[in-house]
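J.: Chain B: place on chain A using the hints.
These protein sequence lines map, in sequence, to chains A and B. Under the working numbering, the letters of the first sequence match residues 17 to 126, in that order. Under the working numbering, the letters of the second sequence match residues 3 to 485, in that order.
For the record, the hints were derived by calculation from the structure and aren't laboratory data. Backbone N, C-alpha and C fix where the C-beta goes; we use that ideal spot for every residue, glycine too. Treat the hints with care, since some could be wrong.
[As the list claims (entries may be wrong)] Calculated Cβ distances over 10 Å to all of chain A for the following chain B residues:
1. F62
2. A87
3. Q165
4. R166
5. R171
6. E319
7. D474
[Unchecked claim] Simulated crosslink set (EDC-like; lysine to aspartate or glutamate; CA at most 20 Å straight-line):
8. A/K52 <-> B/D107
9. B/K226 <-> A/E45
10. B/K312 <-> B/D381
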Amino acid sequence: MNPVTYVSMVMSSGLLVDYIVHILLRYYETPGNRKKRTIEVLRTIGASMLMGGLSTLLGTLPLALCTSELFSTVFFAFLGMVTLGCGHGLILLPVILSTIGPEDQATRET
Amino acid sequence: MKDIPLVPIVFVLMALFTSLVFWKKDKVRSRSLLGFSAVFSVMLSIMSGFGLMILTGVPFTSLTPLLPFVLFGIGLDDAFIMAGAYDRSDPGKLVVDRIYDTIDDIGISITLSAITTTLAFGLGGTSSVPTIYWLCLYAFPTISFVYIYQLTFFVACIVLDEQRIREKRRDCCTWITAKDTNGGDSDIEVVREDWEEDLSKNASSMSEQCMLQYANFLLRPWVKVVVVVLFAGLFVAGALSASRLSQEFDPIKLLPDDSYMTSYLEALSVYTELAGIRNPPYAYFRFVDQSNETVQELMESYVNDMVSIKSINYPPEFFWLRDFKAFLNESGNALAQLEFNSQVDAFLSDSVYGELYRGDIVRDDSGTITTSRCLVPMDNLNLKDVKDQVDALEDQRAVTKMHPANQGLDDWAFFSYTDMYDPCEFYTRVVGELLWTAVIGVAAVTGIVALFIPHWSAALVVLPLICILYVDRWVSCNGPALM
Chain A
17 MNPVTYVSMV
27 MSSGLLVDYI
37 VHILLRYYET
47 PGNRKKRTIE
57 VLRTIGASML
67 MGGLSTLLGT
77 LPLALCTSEL
87 FSTVFFAFLG
97 MVTLGCGHGL
107 ILLPVILSTI
117 GPEDQATRET
Chain B
3 MKDIPLVPIV
13 FVLMALFTSL
23 VFWKKDKVRS
33 RSLLGFSAVF
43 SVMLSIMSGF
53 GLMILTGVPF
63 TSLTPLLPFV
73 LFGIGLDDAF
83 IMAGAYDRSD
93 PGKLVVDRIY
103 DTIDDIGISI
113 TLSAITTTLA
123 FGLGGTSSVP
133 TIYWLCLYAF
143 PTISFVYIYQ
153 LTFFVACIVL
163 DEQRIREKRR
173 DCCTWITAKD
183 TNGGDSDIEV
193 VREDWEEDLS
203 KNASSMSEQC
213 MLQYANFLLR
223 PWVKVVVVVL
233 FAGLFVAGAL
243 SASRLSQEFD
253 PIKLLPDDSY
263 MTSYLEALSV
273 YTELAGIRNP
283 PYAYFRFVDQ
293 SNETVQELME
303 SYVNDMVSIK
313 SINYPPEFFW
323 LRDFKAFLNE
333 SGNALAQLEF
343 NSQVDAFLSD
353 SVYGELYRGD
363 IVRDDSGTIT
373 TSRCLVPMDN
383 LNLKDVKDQV
393 DALEDQRAVT
403 KMHPANQGLD
413 DWAFFSYTDM
423 YDPCEFYTRV
433 VGELLWTAVI
443 GVAAVTGIVA
453 LFIPHWSAAL
463 VVLPLICILY
473 VDRWVSCNGP
483 ALM
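Next comes chain A alone, as it looks inside the complex (with noise of 0.2 Å):
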């Protein structure tokens, strides 16, 4: 524990929603049934999420060459968040939502 993980650990807590809330959102406004939705979701988003988490790591790739020893902790933080962030919203979240979200009311009323 140090200022610099401090520092990561409150951008983490804006930023590992984000992976959540895309997902969700996502999911939200796609019709269908459980499964229709996920696999829908995953198709449309899946992809672009994926290469977001991509993109930040490699923006933080240079802290790791950084001169302070410090800064290259930042690296290893975000290789650790994006991980999470892109685990939970790619993998966990389908997986439950798949089994126990809620159905598109509109579907099944007609």
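T.: Then chain B, alone, in the frame of chain A:
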């Protein structure tokens, strides 16, 4: 400051990466220029944000160079998502209508992520640690600029790029017009047919095809079970490592690799065995008439009180007041007749005492002592153990606050200080602040999600998931520290 030249390197690297992502084999329909413009818009927003903050005079600390790297990474997320959504829109429509569809499609999504990111830095801005407060002050407008530029500059670039494609100019070499193969204006129709064909195949690009296969794989029952078990394990690991939260402060880590301070600090830790000896605090005395007998008694009692705390075992070896009194006793009556300032003159002109205490006593022009100090080594302090240091900081603060000389004073007359107190102060604040930010963050995000997604179940999904994430991130933040 040395790391600033890395920013252009990141710029080039990111530009190459995004161009590659937007690249297609077809020379006209490839969009690498658009990728470059996405990176450029982030660069613009970093310059705007930093410029604004430098203009308003927010201090640029050693942590601030971190920010461009982070922003380059997170700023591009929106561009990827926007370009992806644009690709999915109906290419038969007018460009303006396509943009309308795109923003309709993912506008909320992007806005939400912008809000959560801004919120994170806003929460960081409430920190009482100045470096972090200033860093968040830099991040706050810059993040907003990223959002604004993505919605204006980047969208405009999409339109320009679309015009280029319609005029069949080549990507990257816009002055070369590709050969017309299909003959004239019917071309939009061809593009549209392609798109509809793609849609019916349910995948318009390779990446979407991959994601589709991935989705099908993920939704198999046994994969689901494995996933849930794995993430449950991760959660337990996160909870465990959060409970073993270790705090360490190594000043060497904050320095650039080639700093001369590094070898100094390393040598110091090799050659000095007593951990507490590195930065012993001084007890300072000010605002009082130090020639007064009662004040002198107070000064001695303050030093004695300091010795009574756990981290100090022995009374200080060198205290000018004690040696001054001994000096007066030794030298007999002749000196005792003189007034205090002359006594001090004599004391300091003694070869041994003068050498020892000249640096500890500050006198004004008339010779009156304005401020003095006494070295109080914390001999019973483990520098490796942050808790020990925090205890020492709080003990000495309690002693100082209770001391009669400081009663009724906002600015203490007697106090002790060493630069080691700064990181200790950081540690006393940081844990509470982190918990506070986490709680506020969870509450705020849940609130925002509930507001934007018109279904009650969304908040129910988000709340536990964010909690899990927040616990899991201890692994990511503590992992490298434990290695």
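J.: Run every hint past the structure and note whether it holds.
T.: Evaluation of the provided hints:
{"no.": "1", "hint": "F62", "in the structure": "holds, 15 Å"}
{"no.": "2", "hint": "A87", "in the structure": "violated, 8 Å"}
{"no.": "3", "hint": "Q165", "in the structure": "holds, 23 Å"}
{"no.": "4", "hint": "R166", "in the structure": "holds, 22 Å"}
{"no.": "5", "hint": "R171", "in the structure": "holds, 25 Å"}
{"no.": "6", "hint": "E319", "in the structure": "holds, 33 Å"}
{"no.": "7", "hint": "D474", "in the structure": "violated, 5 Å"}
{"no.": "8", "hint": "A/K52 <-> B/D107", "in the structure": "holds, 18 Å"}
{"no.": "9", "hint": "B/K226 <-> A/E45", "in the structure": "violated, 23 Å"}
{"no.": "10", "hint": "B/K312 <-> B/D381", "in the structure": "holds, 10 Å"}
Violated hints, in rising order: 2, 7, 9; the structure is consistent with all others.
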